[in-house]
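Here the protein sequences come in this chain order: A and B. Counting in this note's numbering, the first sequence runs from 1 upward without gaps. Counting in this note's numbering, the second sequence runs from 174 upward without gaps.
If you are wondering where the hints come from, they were derived from the structure by calculation, not from laboratory data. On a predicted model such as this, the values are computed, not experimentally measured, just so you know. It cannot be assumed that every hint is accurate.
[Claimed, not checked] Quick partial rundown of chain A residues pointing at chain B, CB under 10 Å, derived from the structure: (1) Glu-25; (2) Gly-29; (3) Thr-44; (4) Ala-48; (5) Cys-73; (6) Met-74; (7) Arg-76; (8) Arg-98; (9) Gln-132.
The beta carbon of each residue, even a glycine, is placed where N, CA and C say it ideally should be.
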Amino acid sequence: MSYQADFRVWRGDSSGGGLEDYSVEVNEGEVVLDIVHRLQATQTPDLAVRWNCKAGKCGSCSAEINGRPRLMCMTRMSTLPPGEPVTITPMRTFPVQRDLVTDVSFNYAKAREVPAFVPPQGLAPGEYRMQQADVNRSQEFRKCKSSASSARTPATRSATTRRTSRRSPGRGS
Amino acid sequence: MYLDVSARLPAEEIRRRLPSMHHQFKELADVDITAEPMEVGPTCHYVMGGVEVDPDTAASKVPGLYAAGEVAGGMHGSNRLGGNSLSDLLVFGRRAGLHAALYSAALAEHPLLDEEQISAAAAEALTPFEGSGAEGPVENPYTLHQELQQSMNDLVGIIRREGEMEEALKRLAELRERAERAVVEGHRQFNPGWHLALDLRNMLLVSECVARAALERTESRGGHTREDHPAMDHDWRRVNLVCSLAEKPAPDAQIGVHHQANPPIRADLLALFGLDELKKYLTEAELAAPTVPGPRSAGAADADGADTDSAAAGGAAADGAATNTQTGADQ
Ligand SMILES: Cc1cc2nc3c(=O)[nH]c(=O)nc-3n(C[C@H](O)[C@H](O)[C@H](O)COP(=O)(O)OP(=O)(O)OC[C@H]3O[C@@H](n4cnc5c(N)ncnc54)[C@H](O)[C@@H]3O)c2cc1C
Ligand code: SF4
Ligand code: FES
Numbered sequence: 001m002s003y004q005a006d007f008r009v010w011r012g013d014s015s016g017g018g019l020e021d022y023s024v025e026v027n028e029g030e031v032v033l034d035i036v037h038r039l040q041a042t043q044t045p046d047l048a049v050r051w052n053c054k055a056g057k058c059g060s061c062s063a064e065i066n067g068r069p070r071l072m073c074m075t076r077m078s079t080l081p082p083g084e085p086v087t088i089t090p091m092r093t094f095p096v097q098r099d100l101v102t103d104v105s106f107n108y109a110k111a112r113e114v115p116a117f118v119p120p121q122g123l124a125p126g127e128y129r130m131q132q133a134d135v136n137r138s139q140e141f142r143k144c145k146s147s148a149s150s151a152r153t154p155a156t157r158s159a160t161t162r163r164t165s166r167r168s169p170g171r172g173s
Numbered sequence: 174m175y176l177d178v179s180a181r182l183p184a185e186e187i188r189r190r191l192p193s194m195h196h197q198f199k200e201l202a203d204v205d206i207t208a209e210p211m212e213v214g215p216t217c218h219y220v221m222g223g224v225e226v227d228p229d230t231a232a233s234k235v236p237g238l239y240a241a242g243e244v245a246g247g248m249h250g251s252n253r254l255g256g257n258s259l260s261d262l263l264v265f266g267r268r269a270g271l272h273a274a275l276y277s278a279a280l281a282e283h284p285l286l287d288e289e290q291i292s293a294a295a296a297e298a299l300t301p302f303e304g305s306g307a308e309g310p311v312e313n314p315y316t317l318h319q320e321l322q323q324s325m326n327d328l329v330g331i332i333r334r335e336g337e338m339e340e341a342l343k344r345l346a347e348l349r350e351r352a353e354r355a356v357v358e359g360h361r362q363f364n365p366g367w368h369l370a371l372d373l374r375n376m377l378l379v380s381e382c383v384a385r386a387a388l389e390r391t392e393s394r395g396g397h398t399r400e401d402h403p404a405m406d407h408d409w410r411r412v413n414l415v416c417s418l419a420e421k422p423a424p425d426a427q428i429g430v431h432h433q434a435n436p437p438i439r440a441d442l443l444a445l446f447g448l449d450e451l452k453k454y455l456t457e458a459e460l461a462a463p464t465v466p467g468p469r470s471a472g473a474a475d476a477d478g479a480d481t482d483s484a485a486a487g488g489a490a491a492d493g494a495a496t497n498t499q500t501g502a503d504q
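Hey, can you work out the whole structure from these sequences and the hints?
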């Protein structure tokens, strides 16, 4: 079932901007990022928005939806109040660059502070084993990136998280 | 098609072993994979073809340009095995970086950039803002992109047929003609429509490489499945298909494909396999060669470990590593 939804999207750059109104088609099962892409393809080809995985893994599609930080690719249209306009604004945590794109270099600076993984000395190939307990621990960080209070932090990009998520059948290999 | 893990594992085990899948299905589709089947479908996963590189140095045919990882071709033959991309990145990423640095350091003087070429490239990049002036209605890059995806998916997808790939090549020619009329609006800072307009040219060329090589390869191998040629052909194994810009580009053919012989597999590597396994892939003549199955030498293991990354005898990466669009790629 399709319907027209009202979207209010922040357009502008570091010097300022404001909300603009659009009416966009929505189909069953779609997430907010689908609608933003449709908006780009049909009305606003220059609307700046970052995204990569469309699977809730990379965190690059973070934006504020109706004032709350969310991943646009993991926010289903059906979870938003029906009949009300959907407001999308850039993350307030980071300085805006253009439209929904913010400067997240802070994350990369932090990521560089995380020490690189080095296997213990003196182990032969194959001797180093990943324990299930370590895998479980990393799952805690996964909760952050979709939590309503968080900007995506480098913690969620830890090698272990990436490894476990990549290993899941269906998305892995 | 449905995949059901709920019948095979206890719910707790599914949540523990497949946490992200469990979460994703719940969140996006209201499906609880611990209790019900999930709907699945095929999708693009990896590009097997890519830039032709030398296996020892990762150097491409363009002096000073190095390629490693998914963008490089040949490493995985016609079917990359699960998990092998990571090891590819580690080994060949190191080689590429190392040899790019050596190349650069060895240059007596750094080549000067040709101002004319730079201005030509800059002007070309800005064309979508003004439009090329080509005859016909202006085009939306997003629409072209969508049609390109749909055509490649429908006609050069998982099961390939001659007629469909020929049809795909026709559509690619039409899309290329329309792409010249792509026009974008707005500014130059983070403008996705503009980036897409610029990318279209490369997407169309790569799509043509995939379609042409897949049409040319009249066998099925790895991820390349021809309904009209369902069997693997031992003679084709020795052939890599190399795509390059056509010397005389035609409106319907920007790409030329030529056959390039694969170097024979080194004896010490062949010796790692049993005869029954080799029979599946090698021609009668190759099987009769005295090197099959030969003694195992230490060379294979050492070539990779050497810190100097010297061009160890015959190269550490054997069969097909110096290659290209082996199957027309995909999945
Ligand atoms: C869903 C999925 C699961 C996978 N799981 C596994 C697995 O479990 N194990 C495994 O071994 N492999 C896996 N793979 C494959 C593996 O992840 C990829 O092959 C690998 O990450 C490719 O790395 P790369 O560095 O070659 O390319 P990429 O990681 O694709 O990097 C290319 C980079 O180039 C940048 N770029 C592009 N254009 C430009 C430009 N014009 N200017 C500047 N930068 C540019 C991009 O932003 C990107 O950062 C998986 C792949 C997918 C899709
Ligand atoms: S740990 Fe930080 S990022 Fe994670 S949920 Fe808590 S506040 Fe958010
Ligand atoms: S696009 Fe990666 S988390 Fe949304």
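Hint by hint, work out which the structure violates, then give me just those numbers in ascending order. 1
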